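A.B. asks: Chains as they are written, first to last, in the working numbering: chain E, 1481 to 1591; chain B, 7 to 119.
No lab work stands behind these hints: they were computed from the structure. It should be emphasised that the depicted structure is a prediction, and the values quoted were computed from it without experimental measurement. Check before you lean on any hint, since a few could be wrong.
Stated by the list, open to error - Mimicking SDA-like on lysine to any residue, the simulated pairs with C-alpha atoms at most 25 Å apart in a straight line are:
1. E:Lys1516 to B:Arg57
2. E:Lys1536 to E:Asp1563
3. E:Lys1516 to B:Gln32
4. E:Lys1531 to E:Ser1573
Unchecked claim - Covered, in the sense of this in silico footprint (three residues per stretch, anywhere, with C-beta under 8 Å from a C-beta of chain E), are these stretches of chain B:
5. 35-49
6. 77-86
For each residue, glycine too, the CB sits at the ideal point set by N, CA and C.
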Amino acid sequence: GQQVMQIPQYQHVQEGEDFTTYCNSSTTLSNIQWYKQRPGGHPVFLIQLVKSGEVKKQKRLTFQFGEAKKNSSLHITATQTTDVGTYFCAGHSSNDYKLSFGAGTTVTVRA
Amino acid sequence: ETGVTQSPTHLIKTRGQQVTLRCSSQSGHNTVSWYQQALGQGPQFIFQYYREEENGRGNFPPRFSGLQFPNYSSELNVNALLLGDSALYLCASSLLTGATEAFFGQGTRLTVV
Chain E
1481 GQQVMQIPQY QHVQEGEDFT TYCNSSTTLS NIQWYKQRPG GHPVFLIQLV KSGEVKKQKR
1541 LTFQFGEAKK NSSLHITATQ TTDVGTYFCA GHSSNDYKLS FGAGTTVTVR A
Chain B
7 ETGVTQSPTH LIKTRGQQVT LRCSSQSGHN TVSWYQQALG QGPQFIFQYY REEENGRGNF
67 PPRFSGLQFP NYSSELNVNA LLLGDSALYL CASSLLTGAT EAFFGQGTRL TVV
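Here chain E stands alone, though its shape is the one from the complex (with noise of 0.2 Å):
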């Protein structure tokens, strides 16, 4: 079945630096869609991305959709302590209603 991988796990980040974190999927997705988690929280949706390529931006983030559109990736410039928590991608396959999220990535933001 499809697997979402995300790595890494964990990102330790000083404030004020940049970081990415990658998602991938073992089969071609029809979207992907990036949650955050805040700890003891549920996951708040951030963006979906449709197209092969698309790139979207809001204010400090910038999320990739890959052109084969097996993988994303999400950037984050200028981290600040706001941007604790968890990062979950999650994908569609084509004609699948299940949507498949990766294990995530923890961010920490060091003052």
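Starting from the known structure of chain E, arrange chain B on it as the hints suggest.
C.D. replies: Okay, now just chain B, sitting in the frame of chain E:
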């Protein structure tokens, strides 16, 4: 706030017991999905309901079952609980099936002892 509410927020059950978790979807959303999230893992898809019918199922045994009601609220039932069923159970509602944004509830933390 997403408008998706789950109850109860926490629950402790004994092995072999049965449990029912409840979810009220966001107004106007006719699709509800349930996920199991073990500690340190991503949410795992259990099943999805659309207009009161099961619309897709993940790799969970039949002792995980569900219902969706005419008002689109939903229940997750788990029979013959195992220690390994201890997890955060998340409900997510969406406007349509398929590739649309999912709005998650705060979850039910189930502990099986």
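A.B. asks: Of the numbered hints stated previously, which ones are contradicted by the structure, given in increasing order?
C.D. replies: Checked against the structure, the hints that fail are numbers 1, 6, while the rest are satisfied.
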